[in-house]
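Same order as they appear, the protein sequences are chains A and B. For what it's worth, the working numbering labels the leading residue of the first sequence as 1, then goes sequentially. For what it's worth, the working numbering labels the leading residue of the second sequence as 457, then goes sequentially.
Worth flagging that the hints you see were computed from the coordinates, not collected in a lab. Incorrect hints may have been included.
Partial list, computed: chain A residues near chain B (C-beta under 7 Å) [said to hold, decoys possible]: (1) L82; (2) Q86; (3) F90; (4) V193; (5) D300; (6) E312; (7) P325; (8) R331; (9) D342; (10) Q351; (11) K353; (12) D359.
Just so you have them, the derived chain A footprint on chain B, three or more residues with Cβ under 8 Å [said to hold, decoys possible]: (13) 643–656; (14) 736–743.
If you want the ones that stay clear, here's a sample from chain A, every Cβ over 10 Å from chain B, calculated [claimed, not checked]: (15) P120; (16) A134; (17) E191; (18) D202; (19) V206; (20) G276; (21) A292; (22) K293; (23) G299; (24) L310; (25) D319.
No experiment lies behind these values; they were computed from the predicted model shown. Just so you know, even glycine gets a beta-carbon here, dropped at the ideal spot from N, CA and C.
Number of protein chains: 2
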Amino acid sequence: MKLPDSSRRTFIQNTTLAGVGIGLMPKTTFGLTSSNNIDKLKIGLIGVGLRGTNHLENLLLRKDILITAICDIDNARMELALDTLQKADFPKPQVFGKNDLDYRNLLQLKEVDAVIIATPWLWHTRMAKDAMLAGKYTGVEVSAANTLEECWDLVNTHEQAGSHLMILENVNYRRDVMAVLNMVRQNVFGEMVHFRCGYQHDLRGVKLNDGKTPYGRGAEFGEKGISESKWRTHHSVYQNADVYPTHGVGPIAVMDNINRGNRFLSLTSHATKSRGLHNYIVEVGGENHPNAKVKFKLGDIVTTTIETALGETIIVTHDTNLPRPYSLGFRVQGTNGLWEVDGNRIYIEGQSKPHQWDDADDWLKKYDHPLWQKYGAYAADSGHGGMDFFVLNAFVESAKQNISPPLDVYDAAAWSAITPLSEKSIENNGMPQDFPDFTRGLWINRKPYEWMKNTF
Amino acid sequence: MKLPDSSRRTFIQNTTLAGVGIGLMPKTTFGLTSSNNIDKLKIGLIGVGLRGTNHLENLLLRKDILITAICDIDNARMELALDTLQKADFPKPQVFGKNDLDYRNLLQLKEVDAVIIATPWLWHTRMAKDAMLAGKYTGVEVSAANTLEECWDLVNTHEQAGSHLMILENVNYRRDVMAVLNMVRQNVFGEMVHFRCGYQHDLRGVKLNDGKTPYGRGAEFGEKGISESKWRTHHSVYQNADVYPTHGVGPIAVMDNINRGNRFLSLTSHATKSRGLHNYIVEVGGENHPNAKVKFKLGDIVTTTIETALGETIIVTHDTNLPRPYSLGFRVQGTNGLWEVDGNRIYIEGQSKPHQWDDADDWLKKYDHPLWQKYGAYAADSGHGGMDFFVLNAFVESAKQNISPPLDVYDAAAWSAITPLSEKSIENNGMPQDFPDFTRGLWINRKPYEWMKNTF
């Protein structure tokens, strides 16, 4: 396997953050302190919408990176990003975005070691492929791919070019999720048996808005929409599938050693009728609003059940069109007990009172992950309850060393494959669909990433 | 359709309990007061194990029934039943049980109007068929049937003989379940979209015991076991299926008008590995216990997803072999909001604070079912939190009038069909299985039972 030409960049080796005492440092000094820009990881941002800007803001808190290039076809977003950089006293990056393919010019820059792709879903794989082919250490937002062929594209391009890809799944770094992962690794739950997870998030106000502000109440999407409603909503019009599986399945896949001693074997999926988006349009825009005629193909609740090679099952839910409070619905169940995020409760045989739940908080505190113990206070303000700091940190630290990231291209492919496989199962009345083995058999030998440490 | 010969029994018509002020009455006077035994419903009990005895004890609190016959092949259980009757000053019933088929002699008695069948699962359909053919109003414990053919047997026998069958699903009468049913009927949740339910109950100490007392800690079952472990555990040895679906799916089926304007269309099922029962045997009996060699076919968690004719989905869980607190895992979700029993929470758009759960208690109190408002205080001591009173009351009152019961033979068939269909799906890697239409098309015209009243 050809490895990327590491002479093209200067990676910072042997980061020694552990000894720095991050809790005491002012925020802007996070990362290896260095006055020498040559030693810093040079990052190109492709896409500075809401999510890309979030990454940008978190990057600006680090001393070990430079933002050398930004690409966005939306001038307003670009100006906001440049303004943000200037206010943080970061050097002005090179700017791209004169057309849809201008990101390829960014990828040609010697002054870019790594890229973060935060664009609409249909651009993720295309851009990630191009980035890996250009030798860039590639971070891609969730979900990574839209079709099975795109899943293979990611894997094949990585293996051909030797460039690494990390799927930037922030929920893998949520404090409770990492504590439970710690419990899994310490065998508190016993042998793993069953999992539940999903994306249960009322996105009606995201998929539909007033076309002026991202969360402005309205019934517009597509050309008349703004922000995510410009592109994300089309997936609800055209696809009946779990179009956004990774926030739920990412954390579970790591706990269950998927692609590393285990793998997804097959799934079945079922969708309900579609009501939520239409009802919302009528409620907000009236019965005569043109969008009241749109037939949304996406069922309001999509239920997918995955079987794994080691005999566990995983229920994955997609629930984004109906009024409901947010929950990723996690459940992690083994032969000794289980965690359920709904109700915030844990039961462990022999330790909990028989047949009675414990409040999860005590357990989660006891098993707080070393990374959170170390950086928790610092991370708190970074976005999404802190997890955005950790996923970005893992990306930057992995990229600096040019090593395989914690959440790699095989993870990106296997998790993202749920979308096309669920779509096919739903189309065929729940017919089971086999997962490709994206590791080409290597899953039986691949070792789990070493999660239980306090670096990244 | 031939109707049963109602001249063979004297039914009590026009019960007027509503005006009696039950809360003030001493317990033993429940039911229409009558000094005339001829006016009372004459009940035969087939099976007086733990469950049958529970029914017996609740029947003894009523004034509108007589227990005219009891059948059980277990002398110890029979003696306990007779002793219980005597202490309650009930006349001595005729006694059957000299062999497995002696229940058929009970069914020939003129002095039996209605029977309650509470025997091991493999006897349910056989006995229910014979009872209906003998013209008895038939109550059968859950689950009602084991195979698809048995589901049809129940339906065909009912239609041939004209006798009614009620499936005695007590969870349909749970206070929270009935309050939520009230909310469903009043359209609080909007149009129904998605449901979850299941039987999540650590039965290791039921399936395995010491052979001396029903819940005595031990590793025995079958011939060396006692009570349920004598027969129930065999289903875990031989069947990989949701072998006990009705406690979960019964309440949901009523809320979703199954067989009454809606129906189950198809399902897929997935089972995990089987670990819990084996681990328990090793823990309790040691590695060298003979039962440590038993290979249990039943996966520890069985996940079934049902599609309905109106486009809802229902996830049904079977989880009885692992350490965990009890939960039937209900979720009832519509276009306006949802109830989740885990976490005890409800969200209703426009009434709950945006994106925030309400504690379910206030809602459940507000929508407390008329039946519970009327009989709740009385029912509290009847077993399983009161619901046993209500299911028995519905059976007795329906039998007295010889009318179709709230939970009828089509419900029994459709709910019980989940067992064989899930077994076949699991055997075939999750292949979808179609439900038979046990109503032979009548579901499109059948009206829902009138649940929202304060009689039964």
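Does the structure break any of the earlier hints, and which numbers would those be? Violated hints: 1, 2, 3, 8, 10, 11, 12, 14, 17, 18, 20, 23, 24, 25; rest satisfied.
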